[in-house]
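Q: Chain residues, written in single-letter form:
Number of protein chains: 2
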Amino acid sequence: MVKKAIAKKATEKKVKEQPIILITNDDDITSPGIRALVDAVRDFGRVVVVAPDKPQSGMGHAITIGFPLRMRKLDMFDGIESWTTSGTPVDCVKLAVDKILHRKPDICLSGINHGANHSINVIYSGTMSAAMEASIEGIPSIGFSMMDYSYEADLSAAKQIVAKIVQGVMKKKIDKHLLLNVNIPAGKNIKGIKICKQAYAKYEEEFSERLDPHKKKYYWLTGEFKNFDKSKDTDVWALENNYVSVVPVQFDLTNYKLKALLEKSKLF
Amino acid sequence: MVKKAIAKKATEKKVKEQPIILITNDDDITSPGIRALVDAVRDFGRVVVVAPDKPQSGMGHAITIGFPLRMRKLDMFDGIESWTTSGTPVDCVKLAVDKILHRKPDICLSGINHGANHSINVIYSGTMSAAMEASIEGIPSIGFSMMDYSYEADLSAAKQIVAKIVQGVMKKKIDKHLLLNVNIPAGKNIKGIKICKQAYAKYEEEFSERLDPHKKKYYWLTGEFKNFDKSKDTDVWALENNYVSVVPVQFDLTNYKLKALLEKSKLF
Chain A
1 MVKKAIAKKA TEKKVKEQPI ILITNDDDIT SPGIRALVDA VRDFGRVVVV APDKPQSGMG
61 HAITIGFPLR MRKLDMFDGI ESWTTSGTPV DCVKLAVDKI LHRKPDICLS GINHGANHSI
121 NVIYSGTMSA AMEASIEGIP SIGFSMMDYS YEADLSAAKQ IVAKIVQGVM KKKIDKHLLL
181 NVNIPAGKNI KGIKICKQAY AKYEEEFSER LDPHKKKYYW LTGEFKNFDK SKDTDVWALE
241 NNYVSVVPVQ FDLTNYKLKA LLEKSKLF
Chain B
269 MVKKAIAKKA TEKKVKEQPI ILITNDDDIT SPGIRALVDA VRDFGRVVVV APDKPQSGMG
329 HAITIGFPLR MRKLDMFDGI ESWTTSGTPV DCVKLAVDKI LHRKPDICLS GINHGANHSI
389 NVIYSGTMSA AMEASIEGIP SIGFSMMDYS YEADLSAAKQ IVAKIVQGVM KKKIDKHLLL
449 NVNIPAGKNI KGIKICKQAY AKYEEEFSER LDPHKKKYYW LTGEFKNFDK SKDTDVWALE
509 NNYVSVVPVQ FDLTNYKLKA LLEKSKLF
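Protein chains in written order, with this note's numbering: chain A, 1 to 268; chain B, 269 to 536.
Once the Cα atoms are required to be at most 16 Å apart in a straight line, the calculated EDC-like pairs of lysine to aspartate or glutamate come out as:
hint, chain 1, residue 1, chain 2, residue 2
1, B, K367, A, E206
2, A, K194, A, D233
3, A, K173, B, E531
4, B, K367, A, E205
5, A, K188, A, D154
6, A, K104, B, E474
7, A, K99, B, E474
8, B, K372, A, E205
9, A, K257, B, D520
10, B, K372, A, E204
11, B, K485, A, D98
12, A, K217, B, D366
13, A, K191, A, E240
14, A, K99, B, E477
15, B, K367, A, E209
16, A, K159, A, D43
17, A, K104, B, E473
18, B, K440, A, E263
19, A, K159, A, D39
20, A, K188, A, D148
21, B, K444, B, E405
22, B, K441, A, E263
23, A, K259, B, D520
24, A, K104, B, E472
25, B, K534, A, D175
26, B, K527, A, D252
27, B, K456, B, D416
28, B, K525, A, D233
29, A, K259, B, D443
30, B, K498, B, E508
31, B, K527, A, D175
32, A, K173, A, D106
33, B, K439, B, E285
Source of the hints: derived by calculation from the structure; they are not laboratory data.
All chains should be built: construct the whole structure from the sequences, respecting the hints.
A: Next comes the structure, spelled out in structure tokens:
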């Protein structure tokens, strides 16, 4: 009886001491990408999943102000505590900290996104915004994305990359605001991992104009990706050359060069 | 007849040569803030308004991917071409360039937002995200926000500030990606304009938990603003001391310091 009590206490302590790994995404909780992410890191700590109940791609750093949110506990990942919310990826992180964990997790992982989030995509991406929200909170965070939109994509090589990067970040605490944008090439012939800067690239938009059954116009967003940055230290270059790209990201958006320029110029 | 034709041509040329000023916001096209912005700059060029048809506060850099968009032409601003769209503030900028102007405007102005967008708010703000979208496109852009949430706020001092800053930016082309986050104190005793950096501040969230009529839980986002940045060159400091804060903003989110650190550390 005493032995049992001691064993129970030891288990409790172990559970308590385990790092808490918060996982979210923007594709929604049923996507293969988030399952792959859970599987890649499930042995590294106590994993808790809090993810949107519907696709939230392109939601950027949106938060839900005008509507209340719902949460629901699920059993989806074989023994891993998991929840869906009706909110955005950023809402998921906020709810996880305040209402589910009641503390900050030790690390926050977002993804694996089905589709690229390199270069300018970091700004539109719900995956990266969730990770950024955690970083603002002082939680080291990583967003993972795959260069393959297909839900049938082979994620086995990606899982190995995820495990390697997460282990590295968990082993050595560099910065509590550490925030990485990791993009993983499709296929299995990955050459290695490169630390990169965000390429200056953007979408050249063209809305597809159509007529509804009542003859009224509506518009679908479409766009062609254009990279204007030819330097070799960018994420776009790394991915084109079959490297995993890792871009360290910041939430201080101050443009210090422009600040100095404006101070001198006396425009207003 | 010939005279008339010449006069008509001259007028056309003048219209063509006028700078195009695109105006949007996130509060929606009916808000007093956007009307004040239109009034403040209507004599500086050809003003075109493209704004959301419903409140889009806190939408961050969200774009609409999963649904088509609608647009509608209105007559709201006494001779100023104006449109609403069913999309986010960022969608409005994209639609304006591709489907309404068929070219880039010379400057994009967003706001005047009813409520602060200083410090970390830049990341959640639909007002600033619209301006950032234009900046990515190479259109100089300014987001304006008022430190007053009330739709009844007196915007007369704010209009003068807006006019002064917009004139300055239009007079001297500093950078095609120029992007400014301007916050204006409430009241009339404004001391001046300060070029600032973004303060490190954040919200300490607490969700308000309630029960619906069916006894199911739902959650409202609430949060207390906390400023952790005590330096005197921040936007929060400027506003607390009754200055207009102007933060130059960038869309290159690369954290170059962390990049150098990661390159040395060989974490993965």
